[in-house]
Amino acid sequence: MKPAPFDYHAPRQLKEAAELLATLPNAKILAGGQSLVPMMNFRYVVADHLVDLGRIADLRGIAVVDGWLRIGAMMRQRELETAPEIAQHCPLLAEALRHVGHRQTRNRGTIGGSLAHADPAAELPAVCAAYDAVVHVASIRGIRQVAFADFSTGFMATALAPDEMIAAIDLPVWRQGHGFGFHEFARRHGDFALAGAAALLDVGSGNVVRRAALSLCGVAVLPVRVEAAEARLVGQPLDSTLIRSAAAAAWLIEPVSDIHAGAEYRRHLAQVLSARALTDAARRAGVDVPNVV
Amino acid sequence: MTVNGKAHARIVESRLTLADFLRHELGLTGTHLGCEHGVCGACTVLVDGHSTRACLMFAVQANGCEVTTVEGLTPERGLSVLQQAFVDNHGLQCGFCTPGMLVTLTELLRENPSPSEDEVREALTGNLCRCTGYAGIVKAALDAAQRLRGETPSRSPASGGGEVS
Amino acid sequence: MGAKHFGARVTRLEDPALLSGRGRFVDDMKMSGMLHACFVRSPYAHARLLDIDAKPALAIPGVHAVIAANDLPDPMRSEAMPMLLPNPSISALCTQHVLARAEVYYVGQPVAVVIADTRYIAEDAAAAVAVHYDALPAVGDCRAAIEDGAARAHAALGSNVLSTFQLAYGDVDAAFANAPHIFEDELWQHRGGGMAIETRAVLASHDAATDMLTVWSGTQTPHIGRRMLADLLGRELESIRTIAPDVGGGFGPKAIFYPEEAVIPAAALKLGRPVKWIEDRREHFLCATQERDQYWNVAIAVDAEAKILGVRGRMLHDSGAFVPWGIIMPYIAAATVPGPYVIPAYQLDTMVVLTNKVPTTPVRGAGRPQAVFAMERLLDRVARELQLDRAEVRRRNFIQPEQMPYEVGLLFRDGKPLIYDSGDYPKGQETALADADYESFRERQRAALDEGRFIGIGIGNYVEGTGLGPFEGVTVRVLPSGKVAVATGATNQGQGTRTTLSQIVAEQVGCRIEDIVMTIGDTGAIAQGVGAFASRQAVNAGNSALLAGQSVRTQLIALAARVLGVNESDIDLDNGQAIAETGNKPMIGFGELARLAQGIPGVSLPAGQAAGLEHTAYYTPQQAAYCSGTHVAEVEVDAMTGGVKILRYTVAHDSGRVINPLIVDGQVQGGVAHGIGNALFEWMQYDENAQPLTTSFADYLLPMATDVPTCAIAHVETVNPLNPLGVKGAGEGGTIPAAAAIIGAIEDALSPFDVHCAETPLTPERIVAALRAAGAYEKLFAA
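Residue numbers (our numbering), protein chains in the order written: chain Y, 1 to 293; chain C, 1 to 165; chain R, 1 to 783.
No lab work stands behind these hints: they were computed from the structure.
Please note: incorrect hints may appear among the correct ones.
Coverage of chain R stretches by chain C, computed from C-beta distances (three or more under 8 Å per stretch; other residues unrestricted) [to be verified]:
| no. | stretch |
| --- | --- |
| 1 | 9-16 |
| 2 | 23-32 |
| 3 | 656-666 |
| 4 | 669-683 |
Being a predicted model, the structure only gives us computed values, none of them experimental.
Ideal placement from N, C-alpha and C gives every residue a C-beta, glycine not left out.
Assemble the whole structure, with the sequences as input and the hints as a guide.
Set out below in C-alpha cells:
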C-alpha cells in the first residue's frame with residue numbers, strides 16, 4: 001500500500017503556502033497526515049503535490065483574544081490536550097480530546113486537519129459546532145472568517161476552496177463556572193464515535209439555564225446542533241426531567257446508516273449520550289442531578 | 001535526519017515513507033509494517049521524542065528531526081530494563097508488534113513513571129497484538145516501571161534459559 | 001533424573017533478538033539483485049476473464065515483467081493447485097489456478113503479477129495493467145447459494161453445494177420422539193480471520209549453478225509448501241528448499257499454500273533474479289483465508305432432570321470459492337459438538353456451500369468454537385427453561401473421569417474413532433467456577449442491579465482433539481564443538497517452539513539450554529515435515545525431541561562409559577559433560593565424545609558403536625490427544641448503549657503435562673483474545689454480491705489492550721497416557737469456548753429483559769435492538 005508519486009513542498013511562511021495552493025494543480029495540504037496519508041496509501045486519494053504546513057510558525061500558538069481562545073490550526077492535538085489555557089478557558093475541548101484517536105495520532109494530528117477533513121464521526125468538529133467557533137481561512141486573497149455553522153457543509157465537505165487553508169480557530173470563552181460534558185460511544189477505545197454528544201451549560205441562580213449548546217457527532221453527515229434541545233433548556237430550572245426532555249429532542253435527527261451502525265441505533269445513542277453529556281455539564285455547573293440513563 | 005543518535009543525509013523520493021526509509025535505506029529492520037494505514041502500531045518510532053506511526057509520515061517530513069527506533073532503545077550489550085521486563089513477563093510471542101510496543105511504552109514511562117494498569121492499557125490502544133492477549137505486555141510495563149523507579153533491584157540481563165518465578 | 005527444564009517457566013530463547021529489533025522476518029531480508037512484486041487482482045467477485053493488456057505497465061521505467069497465467073511454466077500454467085485434503089464427499093475438485101485463467105471467483109483473486117525495481121513502482125504498474133472482465137452473477141451468501149435459481153459460484157458447476165455429510169450415532173429419532181423436553185435454537189456465526197500482524201510474504205531465489213530454488217515464506221508449513229511447489233513447477237523435491245524464518249503470527253491462514261507462494265518462485269526462475277513479495281494489509285483482507293459464516297439449527301432433547309437424551313441439527317457452512325483445506329473445518333465442528341458431555345444420540349447434517357468469497361480454512365479453533373457455541377447455548381437454554389443453575393445442568397451431563405478412555409461414537413478428522421484419552425471435566429469446571437467466585441455471583445449481580453448495573457456470568461466447556469499426526473521429526477546431533485544441534489520440521493510463529501523443544505532436549509541429553517543450536521522450519525535441515533496447525537507441535541515434535549534426545553543420551557552414556565572405563569550406570573550427563581560418579585569422578589566433554597564418535601579415517605568403529613552421536617525421530621501419534629477446559633466470563637452490559645465490558649475472565653485448562661507454564665499461559669491468554677474478538681468485535685462483512693465491505697483495521701475490529709483482561713489461568717493436568725511426554729496441544733484452547741462463555745454472560749446480564757443471544761459477534765447495536773424489542777426502553781424517553 002504505497003502512495004502514488006507526488007512533489008513535496010515545505011513552505012516556511014503562510015504567504016508562500018497560499019501561493020503554492022493557488023498555483024499547483026491537484027495539491028493537497030499535509031497537516032498531521034493521520035487522515036490523509038492512510039487514504040494516500042490506499043490510493044483513495046491521489047495528489048500531485050503535497051504542501052506540508054508543519055514548518056509555518058504563524059499557524060501555531062494559543063492566545064486569549066477579547067474573550068475568545070485563538071488556536072493555531074497546526075497545533076497538535078497532544079499539545080492541546082495538555083495546554084493549561086485549553087483546560088482553563090475551553091474545558092470541553094480538553095475533555096473531547098481524550099477520546100480522539102490514540103497517543104500516536106494525537107502526537108501528529110492537528111486541530112486544523114481534523115476540521116478540514118470533516119469526518120462526520122470526528123469529535124473536534126462537534127466541539128467547534130457547540131462553541132459556535134469561528135474559523136479563520138487563509139489564501140492568497142487574505143484571511144476571511146467563517147462561522148462554524150457555515151464552515152461545515154456536507155459529508156466530509158467544508159467551505160474551504162481548493163486553494164484555502166485553515167489558519168486558526170477561535171473558540172468563545174464561556175462564563176467561568178460553566179458546565180461542560182462530552183460523551184461518545186465507540187466500539188473500542190479511540191475509535192471514531194458511532195455517536196457523540198458535546199454539551200455546554202451556563203446556569204444562573206435558581207438553577208435556571210441561561211445558555212445551552214448541544215451538538216452531536218457521528219449521527220449525520222456533519223456535526224449537528226440540536227437547537228430543539230437547546231430551546232427546551234434555556235430559561236428552565238435544570239433538573240433530570242429537563243435533561244431527559246432535552247435529550248428526547250435528539251430523536252428529531254435524521255441519522256446515517258453504514259456498516260458500523262444503522263440509523264435506528266444512532267438515533268438511540270444520540271438520545272442516551274445527549275442525556276449523559278448534559279448530566280455531566282449540569283454537575284460541573286454545580287447542579288446536583290442523578291443519572292438520567 | 002538523526003536516527004538513534006547518528007546523522008544521515010539522503011536524497012529520497014517524496015513518497016518514500018519514514019518506515020520504508022528506516023527499514024530499507026538504513027537497514028533498521030526492527031520497525032515493522034503491519035497495516036500501512038495507521039492502526040496497528042507495528043511501525044511506531046519516536047520522532048523528536050514523540051511516538052509516531054512511521055507508515056503515516058514521509059521520510060522528507062522528518063528532515064531535521066531526531067528519530068529513535070527499537071534499535072536505539074537497545075543498549076550496546078544485553079537488554080534495557082524494559083526489554084528485560086518483557087523477557088521475564090512473557091511480553092512477546094511472535095515479536096512482530098514488539099518494537100512498536102517498546103517505543104510506545106518508552107514514551108509512556110518517560111511521561112508517567114508510575115502508571116496504573118488502566119493507564120498502561122490505554123496507552124497501548126494504538127498498538128495491536130494478536131499473539132499475547134496483552135497480559136504479558138502490561139505486566140512487563142508495570143514491572144519495568146517499578147524497576148525504573150528503583151523499587152525492585154534490576155536483574156542482570158539473562159540469556160535465554162533463565163527461570164522466572 | 002529430576003525435571004530440571006521440563007515443566008519450568010523458562011524464559012524464551014527467541015526473545016532477546018526480537019526485542020532488540022534483530023528479528024529476521026521475510027521482509028527484513030535483502031538479496032543482491034532483488035526485485036519486488038505486486039499482484040494484479042480481480043475487483044469482481046465473479047467474472048469471466050477476457051484479456052490482459054500489460055503494455056501500459058511495461059512502459060513504466062523500472063518494470064521488468066508482467067506475468068499472467070500463460071506466461072507461467074507448466075504444469076502451473078494450466079493445472080489447478082493440488083487438493084491438500086481430499087474427501088470422498090467433495091463433489092468437485094475445487095482448487096484455484098495460481099493465476100486465473102478464464103474465470104475469477106472472488107474479489108482479490110490473483111490475475112497477474114508485476115515485477116519491478118521497488119514495490120512502489122510495482123504498485124504503479126499494477127494499477128496500469130488493463131484487465132478486461134465480463135461480470136457474472138455472484139453468490140454472496142451461503143443461504144442464498146442453496147435457493148432455487150441461485151447464481152452459480154462457479155460457472156462450470158451445476159450446484160453450489162460442494163459436500164454434504166452426516167455425523168451421527170445412536171437413535172436420535174427415538175431420543176427426540178420420547179423426550180419430555182425439546183429446545184431448539186438458530187445460531188449465526190460470522191466470518192472472521194486470523195489477522196496476524198505480519199502479512200504473508202515470499203522471497204524466492206534461484207541459484208543457477210546448483211539449480212537450487214530457495215524460498216523464504218511466512219508460512220506455518222514449509223515442507224508442505226515445498227511439495228506443492230515441486231508439483232506445480234514440475235521440479236524435483238530435492239531442488240527446492242523452503243524456509244520459514246521468523247514469522248509474525250500464524251493462527252491458521254498461513255498453513256495454507258497460496259497461489260502467490262508458487263507464482264513468486266516461478267517469477268524468480270523466469271527472471272533469473274531474486275523476487276520478493278510482501279502482502280499489504282488490504283490484500284490480506286481480500287485474499288488470506290478466513291473462518292466461519294455458519295448457520296446452525298440445533299435441538300436438544302432432555303429428560304425432566306436435564307439429562308441429555310439427544311442432540312441433532314443442521315449446519316450450513318460457507319466455504320468461499322474454493323476448498324484449499326478440504327472440508328476439515330466443518331467436519332471438526334460437527335465432531336466437536338458432543339464435547340465433554342454424555343450424549344446418547346447425536347446427528348448433525350452438514351452442507352458445505354460455495355460462494356464467491358475468499359475460501360474459509362481453519363483459523364484458531366478450527367470450527368470448534370462454533371460447535372461449542374451451539375452446545376453451550378443449548379445447555380443454557382435447558383437451564384433457563386427448567387430453572388436450574390447452568391453449572392448444575394452441565395455437571396449432570398459430564399463424562400466422568402472413570403469413564404476414560406471414552407468412545408464418543410464418531411470418527412474424528414484424523415480418520416480415527418473419536419476416543420477421549422484422558423480428562424477430568426468435572427474437576428475442570430469446578431476449578432474454574434471456584435476461581436471465578438461463581439457461588440457468590442448471584443449476590444454480586446443483585447447488588448449491581450440495585451445500582452442500575454447489569455452484570456452477568458457465562459460458562460463454556462470444551463474438548464479439543466490436538467496433537468494430530470502424521471508426525472513432526474526432530475534430529476538431535478552432538479557437535480564436535482560440544483554444542484547440540486537440533487533440527488525439526490516444526491515451525492514457529494510465536495509459540496516458542498525453539499524454547500520448548502530446547503527444554504526437552506536439554507533435559508534428555510544433559511546439556512545446557514544455551515548450548516543447543518536449533519534449526520526450525522527449514523526443509524534443508526530435515527527431510528520430512530508437516531508444520532504448525534491443529535495444536536500439534538508439542539505432541540508431535542515434543543515427543544520426537546524426547547525420543548531423539550533419549551537415543552542420543554543412550555549413545556553418549558555408552559561411549560563415555562567405554563572411554564572412561566566405567567559402567568554405564570555410573571555415568572551422569574550434566575551441563576554438556578559426561579561424569580563418572582565413581583572413583584575420582586573422571587569426566588569427558590560432549591565435544592570430545594562427538595569427535596571420537598566420528599571415528600578415525602580408515603579404522604573401523606568398535607563393535608556396538610554407531611557413527612556420530614545423533615538420532616532422528618519421527619514420533620507418530622496413534623490418535624489425537626484430547627485437551628479440555630472451562631472458561632467463565634463475567635461481563636457488564638451498558639443496557640443503554642449495548643456496550644459490553646469483560647470484568648473478569650477465568651480459565652481452567654487441561655493440556656496434559658505442561659512443558660513450559662509461561663508459554664502455555666501465554667497461549668491461553670492469547671487464545672482468549674481471539675475468542676473475545678470472535679464474540680464481540682470481529683466480522684468480515686460482504687454485501688450480497690460478495691464484495692468485501694470490511695477491508696481495513698478501521699472496519700474489521702481487533703481487540704485492543706483495553707478490551708482483553710488478564711485471565712486467571714489454572715492448570716488441570718491430566719497426563720496423556722498415549723504419548724511418552726504425556727502432553728497435549730495448547731494453542732487453541734483459549735479461543736474455543738470463549739464466545740460461548742461471553743455470549744452466555746451477556747444473556748445472563750440481560751436476564752431481567754429476557755433477551756436471547758444467538759450470534760457472534762454480538763454487537764452493541766444488536767443488543768440494543770434486542771432490548772428494544774423486549775420493551776426495555778418504552779418508559780425511557782417520554783417526549
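Structure-based check of each hint:
1. Against chain C, the stretch 9-16 of chain R contributes 8 residues with a C-beta closer than 8 Å to a partner C-beta. That satisfies the three-residue criterion, and the hint holds.
2. Closer than 8 Å: that is the beta-carbon criterion, and the stretch 23-32 of chain R has 5 residues meeting it against chain C, so the requirement of 3 holds.
3. Counting residues of the stretch 656-666 of chain R whose beta carbon lies closer than 8 Å to any beta carbon of chain C gives 4, which meets the minimum of three for the stated coverage.
4. Only residues whose C-beta sits within less than 8 Å of a C-beta in chain C count toward coverage, and the stretch 669-683 of chain R has 6 of them, enough to reach three; the restraint holds.
The structure agrees with every numbered hint stated previously.
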